[in-house]
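Protein chains in written order, with numbering that gives the first Met the number 0: chain A, 0 to 408; chain B, 0 to 369.
Everything labelled a hint here was simulated from the structure, so no lab data went into it. Heads up, the beta-carbon is just placed ideally off N, CA and C, and yes, glycines get one too. There could be a bad hint or two in this list.
Distance windows between CB atoms, simulated [to be verified]:
no.	chain 1	residue 1	chain 2	residue 2	range
1	A	E17	B	P33	52 to 60 Å
2	B	I222	A	A152	24 to 32 Å
3	B	A273	A	F47	48 to 56 Å
4	B	E211	A	T50	53 to 61 Å
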Amino acid sequence: MAEATTDQVKVVDFAVREHRSLWGDAWRRLISNRTAQLGMFIVFFMVFSTTMAHFFWEYDPKIDSDYTLKLKPPNLTANEDVESVHIFGTDQLGRDIFRRVVHGGWNSIMVGFVAVGISLSIGGLLGLLAGFFEAVPISSTERYVFKGGVGLALGVLPAWIADQTVILVLFTLLGVLSAFADLNWSEKSWRVWLIIFLGAAFGAVPALMTSIYTALFTGFLGLLIGMILSRRLGGELLSNTTMRGMDIILAFPSYLLAIAIVVFLGPGLEKGMIAIGIVGIPVFARLVRSSVLSVIQKEYVLAANATGEGHGRVMFLHILPNILSPIIVQSTMALAGAILAAAALGYLGLGAQPPEPEWGSMLGDSYRFLTSGAWWAVIFPGVAIMLIVLGFNLLGDGLRDALDPKLKI
Amino acid sequence: MEYVSITYLHPPVFISQEEDLIRYTLRRLISVIPTLIGVTLVVFLFQRLIPGDPAIAMLGEHATEENVERIREQFGLNRPLFLDREALAEGDFVGFVDTQYLRYMSRLIVLDLGTSIHRRIPVAETLALRFPATVELALLAMLIATTIGLPVGILSAARRGSFIDGSTMIGSLVGVSIPIFWLGLMLIMLFGVTLNWLPVGGRLSTGIEVKEITHLLLVDSLITGNIPAFKDAFQHIIMPAIALATIPMAIIARMTRSSMLDVLQEDYIRTAHAKGLHERVVLYRHALKNAFLPVVTIIGLQLGALLAGAVLTETIFAWPGIGKWVYDGILARDYPIVQGGTLLIAIIFIFFSIIVDLSYALLDPRIHYD
Numbered sequence: 000m001a002e003a004t005t006d007q008v009k010v011v012d013f014a015v016r017e018h019r020s021l022w023g024d025a026w027r028r029l030i031s032n033r034t035a036q037l038g039m040f041i042v043f044f045m046v047f048s049t050t051m052a053h054f055f056w057e058y059d060p061k062i063d064s065d066y067t068l069k070l071k072p073p074n075l076t077a078n079e080d081v082e083s084v085h086i087f088g089t090d091q092l093g094r095d096i097f098r099r100v101v102h103g104g105w106n107s108i109m110v111g112f113v114a115v116g117i118s119l120s121i122g123g124l125l126g127l128l129a130g131f132f133e134a135v136p137i138s139s140t141e142r143y144v145f146k147g148g149v150g151l152a153l154g155v156l157p158a159w160i161a162d163q164t165v166i167l168v169l170f171t172l173l174g175v176l177s178a179f180a181d182l183n184w185s186e187k188s189w190r191v192w193l194i195i196f197l198g199a200a201f202g203a204v205p206a207l208m209t210s211i212y213t214a215l216f217t218g219f220l221g222l223l224i225g226m227i228l229s230r231r232l233g234g235e236l237l238s239n240t241t242m243r244g245m246d247i248i249l250a251f252p253s254y255l256l257a258i259a260i261v262v263f264l265g266p267g268l269e270k271g272m273i274a275i276g277i278v279g280i281p282v283f284a285r286l287v288r289s290s291v292l293s294v295i296q297k298e299y300v301l302a303a304n305a306t307g308e309g310h311g312r313v314m315f316l317h318i319l320p321n322i323l324s325p326i327i328v329q330s331t332m333a334l335a336g337a338i339l340a341a342a343a344l345g346y347l348g349l350g351a352q353p354p355e356p357e358w359g360s361m362l363g364d365s366y367r368f369l370t371s372g373a374w375w376a377v378i379f380p381g382v383a384i385m386l387i388v389l390g391f392n393l394l395g396d397g398l399r400d401a402l403d404p405k406l407k408i
Numbered sequence: 000m001e002y003v004s005i006t007y008l009h010p011p012v013f014i015s016q017e018e019d020l021i022r023y024t025l026r027r028l029i030s031v032i033p034t035l036i037g038v039t040l041v042v043f044l045f046q047r048l049i050p051g052d053p054a055i056a057m058l059g060e061h062a063t064e065e066n067v068e069r070i071r072e073q074f075g076l077n078r079p080l081f082l083d084r085e086a087l088a089e090g091d092f093v094g095f096v097d098t099q100y101l102r103y104m105s106r107l108i109v110l111d112l113g114t115s116i117h118r119r120i121p122v123a124e125t126l127a128l129r130f131p132a133t134v135e136l137a138l139l140a141m142l143i144a145t146t147i148g149l150p151v152g153i154l155s156a157a158r159r160g161s162f163i164d165g166s167t168m169i170g171s172l173v174g175v176s177i178p179i180f181w182l183g184l185m186l187i188m189l190f191g192v193t194l195n196w197l198p199v200g201g202r203l204s205t206g207i208e209v210k211e212i213t214h215l216l217l218v219d220s221l222i223t224g225n226i227p228a229f230k231d232a233f234q235h236i237i238m239p240a241i242a243l244a245t246i247p248m249a250i251i252a253r254m255t256r257s258s259m260l261d262v263l264q265e266d267y268i269r270t271a272h273a274k275g276l277h278e279r280v281v282l283y284r285h286a287l288k289n290a291f292l293p294v295v296t297i298i299g300l301q302l303g304a305l306l307a308g309a310v311l312t313e314t315i316f317a318w319p320g321i322g323k324w325v326y327d328g329i330l331a332r333d334y335p336i337v338q339g340g341t342l343l344i345a346i347i348f349i350f351f352s353i354i355v356d357l358s359y360a361l362l363d364p365r366i367h368y369d
């Protein structure tokens, strides 16, 4: 049998399908999807125009007012009444609305991106940890860190009551110590009693410096903490605490919670970003947790665990890339929601502070002039909000179809 | 974000064979308690951190020192927030737990929500007055949303790819993209100002009285046969209800459509068609019943969200509901209002998610002919 020549190999190559990656396929599906095309066009158009305006079209909102041009309707050509052209009209301070809409977009879109960034990074991480450790037992090193953390968290209360920082340190140590006992001995032994006793002692002794009554109380608290720490705590606890915390955030209506946070932080664009970001955390935590749980029993995760890869590597190199689809889709949709929420905060006067242009606060400033017929001051910022939100929603829809047609969000 | 659009927020609950419905319900209700305690803790934490003294806010900046002190004493604002460690150090165990939070919790057990700092009216009283307004608005909005969203979703699933389907999908995306306050403003501009057909705020015109039975003005005026009052109340509620209904309507339509599309691909649908059943029977008896669960979830969660108070809609239309009330309370630092209102809102919200979970168990998707 003669050996194959190079020519023959080439022929064989033609028979093999060209290599196509998962993401390449998804991208091809995305750009051939009409919904996504429209969404991408809108998003690109809005983001591009506001970015260009932000960097290349100078605008100082502090000096931009002209009372002679108060509330002029849109005009396409200069006339004797209005000598300058204002295609969107002017507002109650005689400012050109077109200019403010284009510049305001930067603020509105920025809020969206930063807020989603906050919710995604915090919520995503919490969800990843909660989901992973719900299904995979924690390793010995992790147990030391985890129980130390539990000791630290529980020690805050007695430490505060006794006004002694050393209690915090002692309970953290007790946590680490209990992890040691956890790993090396069976549960029903004298070591359990030792930990409980140490808990009571750690709570009471430093508190004696404050007063005998305080020591009594913190000693009792320490006893309870010792009882908790003497148990075998694992991923269940981590997952449960995280998700119950998320439940608490979810129990508040999102707008009301965002308003409360902004009132607490003080009004302003950055505060709005933080507030909206915090409110969005549970959504991502739940999504990521359930996605993690849906892939955690897959063979590639089991294989990675079996070959002894570190938990961090398994989480970020094996699980995360495989649950990206729902995260990407949800992030796009969340961007739309965050921009809407930012506009709502602005409308209520809690977002961007005047004279800074922002779509929501532009609406809030000028809706009073609706009754005098100044429709243009309200229409254009509103349409801008609607367009960008619609754009992100369309894009999210298209992304969902492209990335994972079976996904339901 | 005045809506919860995402199904995975509520993963379906599967009740095991061993655990019956009553025990499951009890377990859920008990598991709510820590969440509620967490909610009250968060509310209290906020109030400590929010800058501004309610006593000064109430008396004005020129109030004398004694008056401020007296008000602080009267409302317990001079006490520490959670625990008094100084009192404990002196051996005063009663003083240790005699704090704002624990006083509030002990009053809560006997359902005393406290008194508004600014208005000096019991919070529970105002709540009873304000909540029906929110309920009425939410129910009407949900009625509008469901009666339009559901059929539209079914229709667009049945005629997949048609013009109706396309316009439903685009329309529903526009629906979730409209800023609700902007839509409200547009409605006010069109129907309230330009056409002058509808009143722009409030629940009832001055001078019109309704004998209150259920406190839902539409229902009360109908029961008592007070047609002019019904007409007036309807004119007041219709604009906010439409504004509030937009988002749920869009979500219900989308959810119904996608759920129906899933079901319509099933084998038993083909079988039903092959048996020669009429399309309407297949659509409503076979497909809809099986596609209904996610839709019910969405409707329940949306209703819960609407009942929890629509801050924006209520603010724009000056609707005297709890959303606007709590919002005003936050701005005015009226702690009892914020605490009472938030707690009620959280309870409603959680309660509805339990109902939604239970509906999974109760709604049996198996088809039966009657």
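To see whether the hints hold, each was checked on the structure:
| no. | hint | in the structure |
| --- | --- | --- |
| 1 | A:E17 / B:P33: 52 to 60 Å | 56 Å, holds |
| 2 | B:I222 / A:A152: 24 to 32 Å | 55 Å, violated |
| 3 | B:A273 / A:F47: 48 to 56 Å | 53 Å, holds |
| 4 | B:E211 / A:T50: 53 to 61 Å | 56 Å, holds |
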